[in-house]
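Sequence lines, in order, name chains A and B. Residue numbers are given in the working numbering: position 1 of the first sequence equals residue 1, and the series is strictly consecutive. Every number in the working numbering is 337 more than the matching position in the second sequence, counting from 1.
Hints are computed from structural coordinates only; laboratory data are not their basis. Please note that the accuracy of each hint is not assured.
Now the in silico label distances, taken between C-beta atoms and shown as ranges [stated by the list, open to error]:
hint: 1; chain 1: A; residue 1: Asp221; chain 2: B; residue 2: Thr568; range: 40 to 46 angstroms
hint: 2; chain 1: A; residue 1: Asp131; chain 2: B; residue 2: Asp604; range: 26 to 32 angstroms
hint: 3; chain 1: A; residue 1: Arg158; chain 2: B; residue 2: Arg608; range: 34 to 40 angstroms
hint: 4; chain 1: B; residue 1: Leu580; chain 2: A; residue 2: Asp182; range: 40 to 46 angstroms
hint: 5; chain 1: A; residue 1: Leu46; chain 2: B; residue 2: Pro652; range: 23 to 29 angstroms
hint: 6; chain 1: A; residue 1: Glu37; chain 2: B; residue 2: Pro556; range: 45 to 51 angstroms
Anything over 10 angstroms on all C-beta distances counts as not near chain B; from chain A, calculated [unchecked claim]:
hint: 7; residue: Gly47
hint: 8; residue: Glu175
hint: 9; residue: Ala202
Fair warning: this is a prediction, and the values are worked out from it, not measured in the lab. Glycine included, every Cβ here is placed at the ideal spot set by N, Cα and C.
Protein chains: 2
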Amino acid sequence: MARVTLADVAHAAGVSQATASRAVNGSNRTVRPDLRERVLAAASALGYTPDANAQAMARGRTTSLGLVVHDIADPFFSTIAAGVSQAAEEAGLIVSLTETQGDPRREVEIVSLLDRQRAMAIVLAGTRLGDDADDAALLAALEAYRGRGGQVALVGQRLGDLPVLAVDHRGGAAELAGALVDLGYRRFAIAAGRPRHRTAAARVAAIRSELAARGLPVPDDRVVHTDLTRTGGRAAAAALLALAERPEVIMAVTDLMAVGVLGGIRDAGLRAPEDVAVTGFDDIEIASDVTPALTTVRLPLREIGQRLTALALIPGGADALEPVRGEVVVRESTPAR
Amino acid sequence: MARVTLADVAHAAGVSQATASRAVNGSNRTVRPDLRERVLAAASALGYTPDANAQAMARGRTTSLGLVVHDIADPFFSTIAAGVSQAAEEAGLIVSLTETQGDPRREVEIVSLLDRQRAMAIVLAGTRLGDDADDAALLAALEAYRGRGGQVALVGQRLGDLPVLAVDHRGGAAELAGALVDLGYRRFAIAAGRPRHRTAAARVAAIRSELAARGLPVPDDRVVHTDLTRTGGRAAAAALLALAERPEVIMAVTDLMAVGVLGGIRDAGLRAPEDVAVTGFDDIEIASDVTPALTTVRLPLREIGQRLTALALIPGGADALEPVRGEVVVRESTPAR
DNA sequence: TACGCCGCGGAACCCGCTTTCCCTGAACGC
DNA sequence: GCGTTCAGGGAAAGCGGGTTCCGCGGCGTA
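Modelling step: build the complete structure from the supplied sequences, incorporating the hints.
Structure representation (structure tokens):
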């Protein structure tokens, strides 16, 4: 229980605390080798471990990075988190994991929590789904944090002029829609997320405009808004398959929803892709595990996490950052027809 | 950039710092209502946020909990992490996420890193896979941490007399094997993990002893040791399907491996479960997404995370803790034969 | 009226460490 | 041989808050 402090070490080594401090963590000042040895020996003999909090306070900066995700159990976020974790470790940072569970107010609370912790940077993975007021509150909290010297990076949509890692959802979505048209699909339906969800909305919009441009507009009754979950996908499929004219393909805005759609198709006694084709988005690992393997848009999630971390660690904040592009991956769930 | 401190607030409110401190965070001492109001008003006017590091130092305790997992991208761990995160949030703690990537030495480093941070508790999710020396080193680091007042909890196998949340891998594995026998399976093969992996080894041992007890011993050439990954499962399936006598069922020690086994079966031009049945373990979400849905042993992963956190937060460390039991879930991957 | 107690502000010290600033002694240059 | 750097040790001042302890005024009780 006896916490051994630097003063103890210094005393044991017969030097001043200043010298002990300089010996334990190399400062820009040098310490005579024999003294340094004595100090290090004393430190390890006493089992000294520096107190990171005290160091943080004395130095005026911490080594922790706050990561904010919706839900760490969601493979989409856990893969990004893996990238963040890896990059943070390489930078010698420890990451503080927090979950919003999709609650915009919680998001603001978390930011101020991390602010209190004096985290050196905050990485927001996962798009906001609040209204404008929520956005304003979040922006205010983040700006306050930045004002105190904190770094911020977020992914997807921009918020204020905060450093953002752009992801070209639109391009990927349009390309995917185009690929399906090329494969011979004509009657489309969309398992969309909640309209409030920015990312989902962007994907839906891109799909619809691409298809419209190709002369295949998707009527509103073929776009069902449900949660971005398996359950949501299942429900969406049920609704879409109950339409008078069965869609040839159901495009889900995320892979997780697509997995749900697959379930919904089975529920309806139909087969994928023979009766209905399916597509997802993100290319999380599950996408290639299910049968049929999902045609989707691959997003380099782990890399996004890494780049996000790097972005947060750039002092001034880089703006001219190349956006992340998705890559269409055609698998069994959308055979040519 | 101007950090506003408690002293600033006190000055603005025209009171002493002691009073400001007492007003901002209710101490056991009372502050006259009008003064408290003045202080709070000044605090919010100035945008004061307490410095968690300074508080931690002054109070001598932090509010952070260290979580150690192998790989946060692995759904097994990310689900446990979700449980930990939830429980930690309820306890007002923030979680520091760290990954070992399966490196026993890294594990020790992480423990001392979290020790430095003066995390109030460390939760080790995921079994060790080092040798005895590694275990000893880890134990030493954890004991040192405990000596300094830190709390520890780990899951699975015990280490020293550290508080451990026991998981009855053996019972679940044996029950699963028994269920398969009851379903009519006789020729078993096992996609085992690396022998060094304690949990995997325990499951394999339990399966083998249960089957032996039922007069169906599994010969060594029907037990293939590969990595606990999809790829490992795929490789194991390839090896097992190349045997002269094709197994009726391949039991993988984790769901992830089972998914790989499914892929391996397809690679071999066979069908599951018609040609070869498959089982997994853990019941991560993917287990019910794949086709055929996997027969497996359900482990309440999220709950494990929660209980682990609770265990770490019990001051003395509770030992008489009910072990977590798995529940056999029979799905399409193992039809009766 | 006098004494004691209680409620409550405030000065000061402490948490553990970094860092400035001062000071000493040795090496160096002319 | 003497002045001058300069390396490097040490005292002490913070970093931002918590908390002890002292002291003061108001109240209740003989």
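So, against the hints stated earlier in the document, which numbers end up violated here? 2, 3, 6, 7
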